[in-house]
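The whole structure should be built from the sequences, with the hints applied where relevant.
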Amino acid sequence: MRSTGTVFWTLMFPVLLILIFGAIFSGGTDVEFDLVLQDLDDSTFSKEFVSNIKNITGVNVITLNKDKDVADYMLDEDKKVGLIIPEGFESLINEYMQSKYDPNMTFNEEEIPFNLTLIVDPTDQTSSSILKSIIFSVIQQFNINITGGQNIIGITEKSSIGDDFEYIDFFVPGVIGFTIMTSMVYGSIERNTKYRKDGILRKLLTTPVTRAEWIFSKMLFMLFLSFISTFVIIIVGTLVWGLSVEINIFFFVLVISSSFMFTGLGMIIGRFVKEEETADMAGGAITFPMMFLAGTFFPLEQMPEFLQTIAAGLPLYYVNEGFRNAMVNTDFGKALYFTGIVVIFALIFFITGVFVTKWHED
Amino acid sequence: MVEKTVKCPKCGKIINCSGNPGEVLKLTCPVCGTQGKITFEREIKIKDAAVKVTDLRKVYGDLVAVNNISFSVRKGEVFAFLGPNGAGKTTTVEMIESIRKPTAGNIEIFGNNVATSFNEVKERIGILPQEFYSFEKYTIRETLVFFSMLYKKQANIDEIIVAMNLKDKEKMLYKNLSGGLKQRVGVAISLVNDPDIIFLDEPTTGLDPKSRREVWDVIAGLRKKGKTIFLTTHYMEEAEYLADHIAIIHKGNIIAEGSLDELIEEYGEESVLRIKDCKTSDIVDVLKESGFEVVKKGNGDIAVRIPYKEKILDILSIMKRECVDYSTIDIRRSNLEEIFLKLTGASLGGLILES
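Here the protein sequences line up with chains A and B, keeping their order.
Residues in the first sequence are numbered consecutively from 78, following my numbering.
Residues in the second sequence are numbered consecutively from 1000, following my numbering.
Just so you know, these hints were derived from the structure itself, not from any lab.
No experiment lies behind these values; they were computed from the predicted model shown.
Hints should not be assumed to be uniformly reliable.
Under the rule of at most 27 Å between Cα atoms (straight-line distance), these lysine-lysine pairs were calculated in the DSS-like manner [as the list claims (entries may be wrong)]: (1) B:K1275 - B:K1250; (2) A:K271 - B:K1012; (3) A:K295 - B:K1295.
One-sided and incomplete, this derived list gives chain B residues near chain A with beta-carbon spacing under 8 Å [claimed, not checked]: (4) R1123; (5) I1126; (6) F1131; (7) Y1150; (8) R1211; (9) R1212.
Glycine residues also receive a C-beta, built at the ideal position from the N, C-alpha and C atoms.
Have a look at this one:
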């Protein structure tokens, strides 16, 4: 109890957890899911279908003109799910219904199910799962109303990114960002507190090595570890799950700059953490909330707006988005944007970290 | 002659006095009669001074950890800073090493002001900080190589390992070493740049007698090579064994300074010759009649005060003449522990120096 830092972080950590998870999950009734919808049939039946979807609480239907590409729109506007009602929707239903009443009319069973095209962003399994269920339920109701149970309307699923990519491809960038963050932050904090406690910093102060040289040398080592861990993730993902990501200049810049950024963050935290026992807790209190708020595992759209605002200020958010756009989406415009922000964060955090790191005892 | 001004701690009377460098002068306040001592710092020529500390002070709030102390360390000597825990030894040495910033005062190492030119001396000094633990996952050899690479001038690591008796353990990880071995590695680290002056802050704390003696031998060997050693310790026997010059510090003040003989001469009791298990009962009267101060102890031992060393032969002659029957004799002189107890018990806070 005499270690105030330990007591503080021991209490702070669970408080942070409950506040964050409560904020994330308690705002469920206010969450809306965007659905980009393109009605190429533009018929009475298709309009009724669209109207059924629009009536569902929590679904915000964004209607897209026929001349636009749904997948491109989804990428540009960062929408997670799209639905295309192809031409022929009403004519198929009319044919089916007529065939039931007109014995002279035959219905080609090979034409069913008539598939609507569902385009999903594989990075957001949550939104796509929820909207898929909603659309399935609407389709099922349609099928029951029309056929009494036979499925004449179905769904074909496609990826908004490309069919070569799977969910693992979109999950891995978040894992890379998270891994770099935890190893750099924890490594930096623990190193500083332990070295201070062991008298190593005092000893170094009396040698010709400067503080900047020491920090830079440690930084190079941590950078080396970052690259090792990142490539291990990619290699294992490729061998085991068939990972398909691109390695480009943005990837390298992001690994380097995020390593510097999180090391600087660790140095800033370490300046105020005196005891080793407190170091882990302080690191956890910073990284754990960031991990969940920065869109690593939960899409930001699921969170209340005020949390989304907070998340937009978190460094890990830009790291994750930078890696995703560089390695998966290959949207180099967005990759450049997010990488630039990470570089700026890196300069600020690292320079501040060097500045606040003290070797003198007093 | 050196002029100094002191202030009586009891009545505040300002007393002017003069003395020779290194001299210890007894003073009596002319107003209240309070007695005390004042030490005139020994004079060391600038070219002979490895370390020169002037009016060094360190204050933490209301606590005066180091109270305007001044001393010099001659090149090539072992200078021991002796005092109990909390006396201000480590605070002083850390200010010299530039680990702590002084509140006031001036520190020079080889003529370089530590506050402004410490970088110029870093290559020439070796330091073992107090309670120092190195990198846990390095072996002894790797640890020494690491620290040696921080300097332009590098000593022979193999020689250091052999000198510190670490040869058979050089591949052990630091974290697996005993406390004594870790301390020896710490001393070894302080030697990796073949420094001209080595600061050892309590280098034998926690060591067993054998390991302690080994470290003493290393320090003695370094002195023979002409190295200057600044040693802080609370072990009296360590200072007695190693030091050419001793400064005794108590509550942030240097209360006595000099070589061991000078300190014993000044502050110690007279030496005593002890006749153990003496069976010749009238020897006490014989010795008293010869002018010696004799104390007979209850266990049959006899203690004879020796006013000066030549009298030892006289005592032995008397014993031989009287055919004294005894088991053994020894001569015991005052040691630093007695001096320290005497000084800290009688100093009454000491005299306050005023410039």
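These are the hints, each one checked on the structure:
Of the supplied pair hints, the one linking B:K1275 and B:K1250 is violated, its CA atoms being roughly 39 Å apart against a limit of 27 Å. Straight-line distance between C-alpha atoms of A:K271 and B:K1012 comes to about 52 Å, which puts the hinted pair past the 27 Å bound. Using a Cα cut-off of 27 Å, the hinted pair A:K295 and B:K1295 is violated, with the two alpha carbons roughly 70 Å apart. Restraint check, B:R1123 versus chain A: the minimum CB separation of about 10 Å is more than 8 Å; hint violated.
Taken as an interface hint, B:I1126 checks out: its beta carbon lies about 5 Å from the nearest beta carbon of chain A, inside 8 Å. At its closest, the beta carbon of B:F1131 sits 4 Å from a beta carbon of chain A; the interface hint therefore holds under the 8 Å criterion. With a least beta-carbon distance of about 6 Å to chain A, the hint placing B:Y1150 at the interface is held under the 8 Å criterion. Because the beta carbon of B:R1211 sits about 21 Å from the nearest beta carbon in chain A, more than 8 Å, this interface hint is broken.
Look at B:R1212: its Cβ only gets to about 25 Å from chain A, farther than 8 Å, so that hint breaks.
Violation of the numbered hints given earlier is confined to hints 1, 2, 3, 4, 8 and 9; the remaining hints are satisfied by the structure.
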